[in-house]
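Take these sequences, add in the hints, and give me the full structure.
Chain residues, written in single-letter form:
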Amino acid sequence: MVSRKKSPPVEDRPLDEALISLLARHADGVTITKVRALLPAPYKVDKTRLEQRLRALESSKRVHAWSKTVVAPSSYADAAKRAILAALRESPRSLSELKKSLTLAVKTGPELTKALLAARDAGELFEHPKVPGAKKSVLRYALQAPDAGAYLAPIDKAIDALTKKLRGSGIDRAAIVAALTRSITPSREMNGRELTAREGNGHKVDPRAFFDAVLSIRPDARAHVLISVRDVRRRLSWPKPDFDDLVLRLAREGRITLHHHDHPAGLPISERDDLVADERGTHYIGFVLEENA
Amino acid sequence: MNVLAPLPNPFGHAIITDAWDPAGIDIPEINARAFDTCMQAFDRVSSGRGSESIVLHGPAGSGKTHLLGRLQHRLITHAAKHAPDGALRCIFIAVKLQTSPHMLWQHLRSRVADDLLRVTEGASQLQRLVAHYLAANNPEHNLRSWVMRIRVLSQIEDESIESMLDEVAEKARLGFELRRVLSHLIYRRNLAEARGWLRGDPLPEEALIRLGLAPGAAGEPEQEARELITSLCRLAGDSLPMVFCFDQVEALQTRTDDASAFFRLGQQLAALYESDDNILLLTCLQSAVLDSFRKSVRDADWDRVARKETTLDPLDRKTVNILLQRRLESVPELVALRREQPAEPLWPLPEDRVAELFTDLFKITARRALMHAEQVFEERRSQRAAPEPKKPERFLEEELERRLLFAERSSPSGTDENLRHGLPLLAEALQLNWRSSETSRSGVQITFTKAGKKPLELAICNQRNMNGLVNALKRLLDAPVEGRRMILRDPRLPITRSAATTRSTIKKLSEKGVPLLEPDREVLALLEAIRGVLSDARSGDLAHEGLPMSVGTVETWLREALDPRLREFLDSLFTGDSEEPVAEQKLDRVQDLAALLERRCVLSLADAAAELGHPAPELEGLARANPTRFGLLEGPPLVLFDWLPPAANACEEVSP
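Respectively, the protein sequence lines represent chains A and B.
Throughout, the working numbering is defined as the position within the first sequence, counted from one, plus 5.
Throughout, the working numbering is defined as the position within the second sequence, counted from one, plus 19.
Take the hints with a grain of salt, since some may be wrong.
Derived SDA-like pairs: lysine to any residue, alpha-carbon spacing no greater than 25 Å straight-line [claimed, not checked]:
#  : chain 1 : residue 1 : chain 2 : residue 2
1  : A       : Lys119    : B       : Ala319
2  : B       : Lys527    : B       : Arg511
3  : B       : Lys327    : A       : Glu295
4  : A       : Lys119    : B       : Asp318
5  : B       : Lys314    : A       : Val230
6  : B       : Lys314    : A       : Gln149
7  : B       : Lys190    : A       : Leu20
8  : A       : Lys119    : B       : Arg317
9  : B       : Lys314    : A       : Ala123
10 : B       : Lys409    : A       : Ala92
11 : B       : Lys314    : A       : Asp217
12 : A       : Lys119    : A       : Lys135
13 : A       : Lys66     : B       : Arg317
14 : B       : Lys314    : A       : Gly128
15 : A       : Lys73     : B       : Ala319
16 : B       : Lys337    : A       : Asn297
17 : A       : Lys119    : A       : Asp217
18 : B       : Lys409    : A       : Gly286
FYI, nobody ran anything at the bench for these hints, they're computed from the structure.
Given below as structure tokens:
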């Protein structure tokens with residue numbers, strides 16, 4: 006009779022390394038049953054031991070459990086965000102289109118929507134609301150901000166209606182558009198006046214809104230991390246002069262410390278314009294919040 | 020009389036290039052917050068709460084390398100001097116990433132080896148590491164006595180130590196080769212070979228045999244390097260943190276939009292972080308590239324690489340004053356003189372000359388403050404206006420000259436990295452429009468492509484072990500050639516006569532249109548020096564008149580002032596223009612002569628001809644045609660010697 010030699014039981018550490026190495030190849034999550042099937046021969050352990058090691062790794066945050074049966078190398082929020090952004094690289098999608106395109110092991114439930122909205126709030130993706138008047142238009146998500154022009158149909162219609170009304174008074178469409186432009190362009194006579202909050206272009210240049218935007222982009226902003234001026238600028242969408250003026254003012258007040266770029270001349274113009282420049286031509290790429298921010 | 024005239028300038032040495040530079044005057048107020056963040060993370064790792072990672076960033080000159088130096092000094096140098104038990108608090112590894120992104124693990128391996136073998140207070144980090152492990156597993160002796168015991172070991176193996184090392188190797192799951200090499204390093208036997216192996220340098224067969232290792236075919240170097248580092252992390256165990264500091268992250272890029280370089284680094288750092296529970300990763304980069312680094316690294320890797328971020332801020336007026344005052348107080352004669360000027364806290368520096376550096380918005384870096392103060396002090400000392408600032412071109416010429424002195428002394432073991440990092444950098448800098456990509460296909464390391472041209476494939480074959488070399492050459496022989504292919508080999512690694520198979524394989528490759536090209540030593544030295552300048556510029560560490568010089572400025576200068584020898588070499592690569600292919604017999608004779616001189620160093624032409632069995636006039640012709648390879652004394656008699664470049668400043672040799 007041939008007796009088979011039993012191989013010695015595999016120790017925890019090599020088993021853990023094998024699990025982590027396997028999970029690293031399954032960023033979209035994988036069921037525990039499949040993990041067991043995929044483990045190489047020396048590491049095939051019984052289900053109880055496997056679950057015990059996975060729980061241990063989960064408690065040290067090296068593995069994440071997305072559900073009772075699905076595990077992954079990163080948290081669901083991170084993986085979902087990554088997968089959503091990858092899907093949106095191809096084209097804007099509605100929520101249902103997104104869900105269909107994802108290869109995540111778990112793609113139902115409120116957590117996916119939470120990840121989507123968190124990415125939206127962090128400025129990593131944008132909502133494209135339904136286009137008014139377009140029959141099959143739905144709310145979509147995309148990596149770029151929507152084109153405002155797509156939403157101007159009601160305004161265009163209103164201008165047409167007003168044109169009709171005022172034709173008899175000799176006012177044509179061009180004159181109406183010119184008057185509209187004048188009424189919505191903010192006054193440039195702001196120099197020397199203390200900025201608190203002011204109206205202009207439909208926004209308030211308000212330090213509170215500024216800091217709110219900072220904290221929404223980086224909840225850890227008070228931990229002395231560098232905040233990119235470009236990220237805040239895109240979140241607020243204020244006119245460049247207003248945004249830059251506020252940033253420089255906050256620096257002068259000692260509420261933020263600016264970090265300069267050593268070679269802005271080497272940047273493409275579009276990237277340089279994203280920075281904040283002072284009157285000496287020094288360009289600033291970011292800032293940290295000071296304690297009195 | 021100018022009282023300042025005989026005094027040294029206290030503001031010199033503004034730039035720290037290495038975390039292991041001796042501690043100069045440290046100002047704890049500068050970057051205190053970042054330092055505390057690092058120390059808190061270190062404390063968490065050393066108390067067994069798992070690995071940690073921090074991304075440190077700031078403007079160029081804000082003191083990133085200086086901060087790493089402060090950490091090193093606190094954790095290693097200071098601890099070695101003052102800790103009562105001689106205990107090692109951690110293993111400290113500092114890595115400047117002036118390398119190809121496809122050689123990250125190999126680069127890390129060589130730096131780990133160098134830092135492990137640094138000696139502080141009579142013992143290396145490696146010796147202390149082994150002592151730590153032995154003390155943990157053999158508590159009958161305390162740590163200090165293990166350190167002392169290992170320091171004084173003779174070259175004869177001690178059975179008890181050997182059996183403990185075997186235990187160490189088993190528990191830490193060290194490979195056979197590492198176990199063998201550890202013995203050599205602990206007993207200080209075959210040090211050069213053992214050190215070379217640990218670094219990952221290619222070693223000849225006889226060196227491997229001396230180490231007790233089989234001179235078999237080499238595996239995949241990146242994978243081998245990764246496994247070695249992981250093994251060393253295991254050797255450190257749970258209670259001894261390994262602190263890895265990565266500096267000059269930007270130097271990995273060949274151009275500003277090179278996302279793949281950062282992507283690969285992110286993967287490596289994440290893998291290092293995951294490799295054990297006792298790792299502290301510190302990654303330093305300029306604030307200007309933080310965004311691009313973050314976007315290029317995968318999210319899952321970023322979570323591991325940047326558990327914390329911390330910023331090194333430029334300095335406000337108050338901190339600059341502290342910095343300048345401390346420097347002034349470091350010169351005893353100045354202290355006495357300054358007491359006579361109580362109303363001028365920065366005497367002899369005029370206040371307005373310091374104030375001019377600031378605006379209400381702009382804060383300056385420590386480097387800028389020191390270099391400005393150095394200049395102002397010099398003006399006061401010499402009582403002359405500062406000389407005209409050196410033109411950038413002149414500065415770069417001098418910088419290159421200075422670096423060449425060291426580059427000429429570099430060893431052939433660095434040639435792989437020099438070529439794989441330097442050639443793509445230079446091709447980009449010179450706007451040759453040849454794009455590089457790395458492959459590990461069929462023995463080719465780099466492929467250059469350009470629209471409308473056949474791709475250029477470069478196989479870099481610097482193996483010293485002839486078995487390894489012939490295997491690499493055979494792979495090239497078997498692989499189909501898709502464009503132009505060339506083999507690059509360091510001329511300081513001659514292929515001896517006895518390597519007949521190797522020589523015949525080279526001949527077959529040449530017949531297949533795959534020539535062997537041996538760049539001149541001077542060309543390799545130039546490439547090494549230039550890639551250092553470009554890397555420092557990219558990392559913000561090339562300072563001219565106190566301000567970081569842009570990589571664009573360096574590239575523009577290179578395009579206009581490139582050394583003709585290097586240009587000729589690049590032409591021979593990229594355009595395929597070169598002299599008539601060298602006859603095979605002539606190539607063999609060059610190799611024979613090079614191998615003979617490597618062995619014998621100096622001998623007469625007549626003796627060389629007799630020993631090689633080649634006509635003396637032919638050997639003389641070869642020597643004259645290769646002046647950077649062979650030295651010649653006219654005599655009579657005519658004497659040949661193995662030419663070495665002039666010595667640079669003495670470099671500190673590190674040993675276990």
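Checked hints:
1. A:Lys119 to B:Ala319: 19 Å, holds
2. B:Lys527 to B:Arg511: Satisfied, since the Cα-Cα distance of roughly 22 Å is no more than 25 Å.
3. B:Lys327 to A:Glu295: Judged against 25 Å, a Cα distance of about 18 Å means the pair holds.
4. A:Lys119 to B:Asp318: Cα-Cα ~18 Å, so holds.
5. B:Lys314 to A:Val230: 16 Å, holds
6. B:Lys314 to A:Gln149: The hint holds at about 16 Å.
7. B:Lys190 to A:Leu20: Answer holds: Lys190 (chain B) to Leu20 (chain A) is near 16 Å, not above 25 Å.
8. A:Lys119 to B:Arg317: Measuring from Cα to Cα gives roughly 21 Å; hence the hint holds.
9. B:Lys314 to A:Ala123: Roughly 18 Å between the alpha carbons, so the hint for Lys314 (chain B) and Ala123 (chain A) holds.
10. B:Lys409 to A:Ala92: 53 Å, violated
11. B:Lys314 to A:Asp217: With a Cα-Cα distance of about 23 Å, the restraint between Lys314 (chain B) and Asp217 (chain A) holds, given a limit of 25 Å.
12. A:Lys119 to A:Lys135: OK: Lys119 (chain A) and Lys135 (chain A) at ~20 Å, within 25 Å.
13. A:Lys66 to B:Arg317: The given pair, whose Cα atoms are some 18 Å apart, holds under the 25 Å limit.
14. B:Lys314 to A:Gly128: Given pair Lys314 (chain B), Gly128 (chain A) holds - Cα atoms ~14 Å apart, limit 25 Å.
15. A:Lys73 to B:Ala319: Within the cut-off at roughly 22 Å; holds.
16. B:Lys337 to A:Asn297: Distance of about 18 Å is within 25 Å: holds.
17. A:Lys119 to A:Asp217: 20 Å, holds
18. B:Lys409 to A:Gly286: This hinted pair holds, its Cα atoms lying about 24 Å apart.
Hint violations for this structure: number 10 only, all remaining hints satisfied.
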